Structure formats: structure tokens, C-alpha cells
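**Q** With the hints as extra help, turn the sequences into a complete structure.
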Amino acid sequence: MTVTAAAQQTSALLHAPVIDWFDAHARDLPWRRPETGPWGVMVSEFMLQQTPVSRVLPVYEQWLARWPSPAALAAEAPGEAVRAWGRLGYPRRALRLHAAATAITERHGGEVPSDHGALLALPGVGEYTAAAVASFAYGQRHAVLDTNVRRVFARAVTGVQYPPNATTAAERRLARELLPQREPVAARWAAATMELGALVCTARTPACGSCPIADRCAWRAAGSPAHDGPPRRGQTYAGTDRQVRGKLLAVLREAVAPVPQAALDAVWDEPVQRARALDGLVADGLVEPLDDGTYRLPLT
DNA sequence: CAGCCGTGGTA
DNA sequence: TTACCAAGGCT
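With full-length UniProt numbering, the residue at position 63 of the first sequence is 63, and numbering never jumps.
Check before you lean on any hint, since a few could be wrong.
[Stated by the list, open to error] DEER-style ranges, computed between Cβ atoms:
#, residue 1, residue 2, range
1, ALA12, GLU270, 53 to 63 angstroms
2, ALA170, GLU270, 43 to 53 angstroms
3, ALA207, ASP28, 18 to 28 angstroms
4, GLU111, ASP215, 37 to 47 angstroms
5, GLY229, GLU106, 42 to 52 angstroms
Calculated directly from the structure, the hints in this document are not laboratory data. Source: prediction; values computed, not measured. Think of the CB as a built atom: it goes at the ideal place given N, C-alpha and C, for glycine as much as any other residue.
**A** And the structure:
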């Protein structure tokens, strides 16, 4: 039997239990409600990039109440998006979401595009987000490969504890082979596998006792072997430029008026690193320097 | 393509 | 307490 045939046979045994489990256990998240349009789905996907659901929820609600359409967001200064982003982290996402809203307004008549290629061309939309919006908002058939799905497939199908650090061609091929043929089922499958990874097949201590496919899991069958290979990236934070950038931007988010240099100098005592961090924020378009030596969130 | 980009909760 | 982890994208 070919690898593809084996995967297709495997997938047929996985679809029903995973989707049935999803029907019974899916969380009632605001971006999954029937009245949520493509814009709501897109906003949620931006916010959820590397950020837990629990922290996204309140910001998401306020964001959509204030900017119910791409045009509404595009009409405001990008700095307002950065401010409203709050402490979600990775504030460049706010800038990119604003830029995406502008592009949608200018190029797509204010409607979030449904075409995967058009989505991919938007700022801040990569392979995952394009597939997610096309699938969740428009019900299309796409392989949606996020960290949850990759982990589920690594365990259930490949038989290893963790997927590779970077998404591989083999993972993409496997995800396509496992995709149900019928479009609406495929969209359901994408959401279901993601939810399974988020709630049951978690990174640290998976709840295999609650897993609908535990009896078909290759990793379980192999005795749940520990991760084989180099340690998975360690991202220290204390003392990094990222921490300094965060402190600087926090001051600007809270300020209504332009902030004097001295107020920014107060957040970090090491001048070289502080200057580098501020320069980086300006270069990224997150901070706007004014002629009088003060700084503010970007108006344009 | 490896490194960079925030923040906070949890084991 | 430290270290890991959370619906990635960009250069």
C-alpha cells in the first residue's frame, strides 16, 4: 500500500470520531457564533496568533464593537489599533491587521476576500491564517495547519510526541491527505482537529483518557515515547530587546499626548539597549518620532 | 531559514 | 523559581 493510500484509509477512521467529539465538546467561542462574519473570524485569527484564547476574549469583543468592519478600522489611525491591542503581545500584529483592513477596503470593496491567494496577499496573513479564514469564514476545503493540528497529527498518525520546529513539506502533504473530500466536512474537520489539540491532545500532559481516537493513536500504540531530538527552542525574555520594547510601548499606549524622551528613558536604565529598542519600534512603524523630540503611537 | 517579535499563566 | 507554552508571520 502506498503512503497516500494508507493515509486515506487512516483518515476515514479518524473523521467521524473527531468530528463527533467536536460536536459534543466544542467551546462556545464568540468567533464561532453563526452571526460572526468573515471580519470577525479574521480579527480572531490575528489575535490568536501565539496568544491564548482566554486573553483574546475581552480584547476581541471590544475590538469588534468599535470596528465592526474593515472600513471602520481603516478609517482610524494605525496607532489606535496598537493602543486597542492592549497587552496581547506582538503589537506588530495590530499594525498588520490595520494594514490588512486598509487593503481590504481599497482592493476588495471592504469585504474580506474568500480566495485563499487573495487572503495570503494581505499583510499579516500567512499560510495558516489564509487557510483558517477561508475554512472557518467561508467553509472552504483547506489544510489548516496550526500548532494544535500539527501536534495531533504528529501523535495520532506519525507516532511521535511533537512535530518538527518548522512546518515541513511532509506535514503539509499529510494534512492534505487527511482532509475529508466534501467541503463542509473538511471545514468541520479543520476546526475539530484544532480543538482536539487545544483541549485534549495538549503539549504537556495530554488527556488521552478523554481522547476520541486514543485507540487509534500511533503515539499511544508506540508506548507514548518521549520527544526524540534536540530540546525545543527556549525563548528567554528577561533582559531582551523584546522586554524593553514592551515597556516602551506600554508607556505610549497609556499616554494620550506625545511622550517626552525622559518618560521613555525611565523604563530601562541601559541606554544603548534602550536606544536600540526605541529605534526598532520606530523602524517597525509602531512609534512615531516628532520634530520636537517627543514620541507617540503612529497617526499614519 | 534561523532568529526575532510580547505577555502572562501554569507545572 | 525557572522554563515552557500559547489558533504565526516576516526577513
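**Q** Run every hint past the structure and note whether it holds.
**A** These are the hints, each one checked on the structure:
A hinted range of 53 to 63 angstroms holds for the C-beta pair ALA12 and GLU270, which are about 59 angstroms apart. Under the hint 43 to 53 angstroms, the C-beta atoms of ALA170 and GLU270, about 44 angstroms apart, fit the expected range. For the hinted restraint 18 to 28 angstroms between ALA207 and ASP28, the CB-CB distance of approximately 20 angstroms keeps it satisfied. In this structure the hint that GLU111 and ASP215 lie 37 to 47 angstroms apart at CB holds, the actual value being about 44 angstroms.
The supplied range of 42 to 52 angstroms is met by GLY229 and GLU106, whose beta-carbon atoms lie about 45 angstroms from each other.
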